[in-house]
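Visitor: Using this note's numbering, the first residue of the sequence shown is number 1, and each one after it goes up by one.
Derived from the structure by calculation, the hints contain no laboratory data. Careful, some of the hints might be misleading.
Said to hold, decoys possible - Derived BS3-like pairs (lysine-lysine); straight-line CA-CA distance at most 25 angstroms:
hint: 1; residue 1: 104; residue 2: 94
hint: 2; residue 1: 26; residue 2: 51
hint: 3; residue 1: 148; residue 2: 238
hint: 4; residue 1: 27; residue 2: 56
hint: 5; residue 1: 52; residue 2: 26
hint: 6; residue 1: 100; residue 2: 151
hint: 7; residue 1: 217; residue 2: 238
hint: 8; residue 1: 104; residue 2: 148
hint: 9; residue 1: 100; residue 2: 143
hint: 10; residue 1: 231; residue 2: 148
hint: 11; residue 1: 151; residue 2: 231
hint: 12; residue 1: 75; residue 2: 43
hint: 13; residue 1: 217; residue 2: 148
hint: 14; residue 1: 143; residue 2: 94
hint: 15; residue 1: 205; residue 2: 238
hint: 16; residue 1: 151; residue 2: 125
hint: 17; residue 1: 4; residue 2: 94
hint: 18; residue 1: 19; residue 2: 52
hint: 19; residue 1: 94; residue 2: 125
hint: 20; residue 1: 94; residue 2: 81
hint: 21; residue 1: 189; residue 2: 217
hint: 22; residue 1: 223; residue 2: 207
hint: 23; residue 1: 19; residue 2: 43
hint: 24; residue 1: 43; residue 2: 4
hint: 25; residue 1: 19; residue 2: 51
hint: 26; residue 1: 100; residue 2: 125
hint: 27; residue 1: 104; residue 2: 125
hint: 28; residue 1: 56; residue 2: 125
hint: 29; residue 1: 56; residue 2: 81
hint: 30; residue 1: 75; residue 2: 56
hint: 31; residue 1: 81; residue 2: 125
Said to hold, decoys possible - Each pair of labels, with its calculated beta carbon distance range:
hint: 32; residue 1: 215; residue 2: 15; range: 20 to 30 angstroms
hint: 33; residue 1: 44; residue 2: 16; range: 19 to 29 angstroms
hint: 34; residue 1: 138; residue 2: 109; range: 17 to 27 angstroms
hint: 35; residue 1: 24; residue 2: 73; range: 18 to 28 angstroms
For each residue, glycine too, the CB sits at the ideal point set by N, CA and C.
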Amino acid sequence: MGSKIDRTGEVGHNTFGSKMIIVDYKKWNDIDVYFTEYDWIAKGVQYQNFKKGNIKCPYERSVYGVGYIGEGEYKTRENGKITRMYITWHSMLKRCYDEKYHEKYPTYIGCEISEDFHNFQNFAKWYHDNYYEVEGERMELDKDILIKGNKIYSPETCIFAPQTINSLFTKCDNARGDSVIGASFVNGKYRVSCNLINPVTGESKRKHLGYYDTQEKAFEAYKQFKENYIKQIADYYKEQIPINLYNALYDYEVEITD
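Generate coordinates for the entire structure from the input sequences, incorporating the hints supplied.
Guide: This is the structure we're talking about:
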């Protein structure tokens with residue numbers, strides 16, 4: 001019989017570029033590989049995968065150069081399908097760190113994700129503890145209803161909200177031009193209108209609020225109507241949404257700089 005091959009100490013790199021060292025070579029299909037950058041060991045892997053670089057480290061920031069899977073109970077796939085919490089996490093990273101996405105949706109330029117949410121396991125735990133559903137609604141991850149103007153996704157700033165609520169804060173900057181929020185300049189006057197959504201049917205319509213001589217008057221009309229409308233929607237969903245979301249809606253103030 002030939003002597004046993006001992007490849008302990010052999011160095012390689014995986015397809016992500018991470019440096020690997022074989023620290024224990026029992027046999028070809030049972031080796032331990034140490035990832036030097038992450039101080040992490042992959043146990044019981046095959047030498048063939050080591051040579052091909054097909055060994056992954058859960059701490060590699062493989063999603064947009066920021067996100068990593070981490071170690072824990074939460075899976076990216078179950079029964080061959082990508083989990084909903086992973087899709088939500090990946091989409092959050094895309095909004096913040098994908099330059100091509102920013103070309104299409106420039107409002108997300110400058111948005112960030114807190115360090116603890118870089119780890120999928122941490123986000124998934126938060127998701128598990130905070131996700132809820134409202135019948136007939138698509139639930140959306142929001143970062144700036146609880147804290148107006150916030151640009152950081154974090155456990156403290158994020159909340160799930162029904163799409164109807166989230167759409168209350170969609171702005172139509174292109175339609176209004178240089179006018180204040182809620183208004184557009186038409187034939188020497190400022191026309192004010194507000195988009196309304198029926199929470200039962202999901203249908204939307206535009207409500208006309210009048211014409212005004214100045215932007216200041218136009219804004220005051222819009223502000224009063226919009227804030228009251230948000231409160232009406234909050235009351236409709238009161239028994240179905242978290243109390244901090246309900247309070248944030250009731251406290252929300254429309255500003256002329258919006």
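Visitor: Compare the structure with each hint and give your call.
Guide: Checked hints:
Distance hint between residue 104 and residue 94 is fulfilled; the C-alpha atoms sit about 12 angstroms from each other, no more than 25 angstroms. Restraint check: the Cα-Cα separation between residue 26 and residue 51 comes to about 16 angstroms, which is no more than 25 angstroms; the hinted pair holds. Proximity of residue 148 to residue 238 is assessed by CA-CA distance (about 20 angstroms); at most 25 angstroms being required, the pair is judged to hold. In summary, the hint linking residue 27 to residue 56 is supported, as the alpha carbons are separated by about 20 angstroms, within the 25 angstroms threshold.
Annotation: proposed proximity of residue 52 to residue 26 holds, straight-line Cα distance about 19 angstroms (limit 25 angstroms). Restraint check: the Cα-Cα separation between residue 100 and residue 151 comes to about 19 angstroms, which is no more than 25 angstroms; the hinted pair holds. Between residue 217 and residue 238 the alpha-carbon distance is near 32 angstroms, which puts this suggested pair outside the 25 angstroms criterion. At roughly 23 angstroms between alpha-carbon atoms, residue 104 and residue 148 fall within 25 angstroms of each other, so this suggested pair holds.
Of the pairs offered as hints, the one joining residue 100 and residue 143 holds, with about 21 angstroms between alpha carbons and a cut-off of 25 angstroms not exceeded. Annotation: proposed proximity of residue 231 to residue 148 holds, straight-line Cα distance about 16 angstroms (limit 25 angstroms). With a CA separation close to 24 angstroms, the supplied pair residue 151 and residue 231 stays within the 25 angstroms bound. Taken as a hint, the residue 75 and residue 43 pair is honoured in the structure, with Cα atoms around 19 angstroms apart against an allowance of 25 angstroms.
Proximity of residue 217 to residue 148 is assessed by CA-CA distance (about 24 angstroms); at most 25 angstroms being required, the pair is judged to hold. A threshold of 25 angstroms between alpha carbons decides the hint, and for residue 143 with residue 94 the separation of about 14 angstroms falls inside it, so the pair holds. Taken as a hint, the residue 205 and residue 238 pair is honoured in the structure, with Cα atoms around 23 angstroms apart against an allowance of 25 angstroms. Among the hinted pairs, residue 151 with residue 125 is consistent with the structure: their alpha-carbon atoms are about 21 angstroms apart, no more than 25 angstroms.
About 48 angstroms separates the Cα atoms of residue 4 and residue 94, which puts this hinted pair outside 25 angstroms; it is violated. At roughly 13 angstroms between alpha-carbon atoms, residue 19 and residue 52 fall within 25 angstroms of each other, so this suggested pair holds. A hinted pair counts as satisfied when its Cα atoms are at most 25 angstroms apart, and residue 94 with residue 125 qualifies at roughly 20 angstroms. With a CA separation close to 20 angstroms, the supplied pair residue 94 and residue 81 stays within the 25 angstroms bound.
Annotation: proposed proximity of residue 189 to residue 217 holds, straight-line Cα distance about 11 angstroms (limit 25 angstroms). A distance of roughly 14 angstroms separates the Cα atoms of residue 223 and residue 207; the hinted pair therefore holds under the 25 angstroms criterion. Pair hint residue 19 plus residue 43 holds up; C-alpha atoms about 16 angstroms apart against a cutoff of 25 angstroms. For a cut-off of 25 angstroms, the pair hint linking residue 43 to residue 4 stands: about 20 angstroms separates their Cα positions.
With a CA separation close to 12 angstroms, the supplied pair residue 19 and residue 51 stays within the 25 angstroms bound. Using a Cα cut-off of 25 angstroms, the hinted pair residue 100 and residue 125 is violated, with the two alpha carbons roughly 29 angstroms apart. Between residue 104 and residue 125 the alpha-carbon distance is near 31 angstroms, which puts this suggested pair outside the 25 angstroms criterion. Between residue 56 and residue 125 the alpha-carbon distance is near 22 angstroms, which keeps this suggested pair within the 25 angstroms criterion.
Only pairs whose Cα atoms come within 25 angstroms are accepted, and residue 56 paired with residue 81 is accepted, the gap being roughly 20 angstroms. Between the alpha carbons of residue 75 and residue 56 the distance comes to roughly 15 angstroms, so the proposed pair stays at or under 25 angstroms and holds. A hinted pair counts as satisfied when its Cα atoms are at most 25 angstroms apart, and residue 81 with residue 125 qualifies at roughly 19 angstroms. Between residue 215 and residue 15 the CB atoms are about 57 angstroms apart, so this pair departs from the stated range of 20 to 30 angstroms.
For the pair residue 44 and residue 16, the beta carbons lie near 20 angstroms from each other, so the given range of 19 to 29 angstroms is met. Between residue 138 and residue 109 the Cβ separation comes to about 25 angstroms, which falls inside the hinted range of 17 to 27 angstroms. For residue 24 paired with residue 73, a C-beta distance near 27 angstroms keeps the hint of 18 to 28 angstroms intact.
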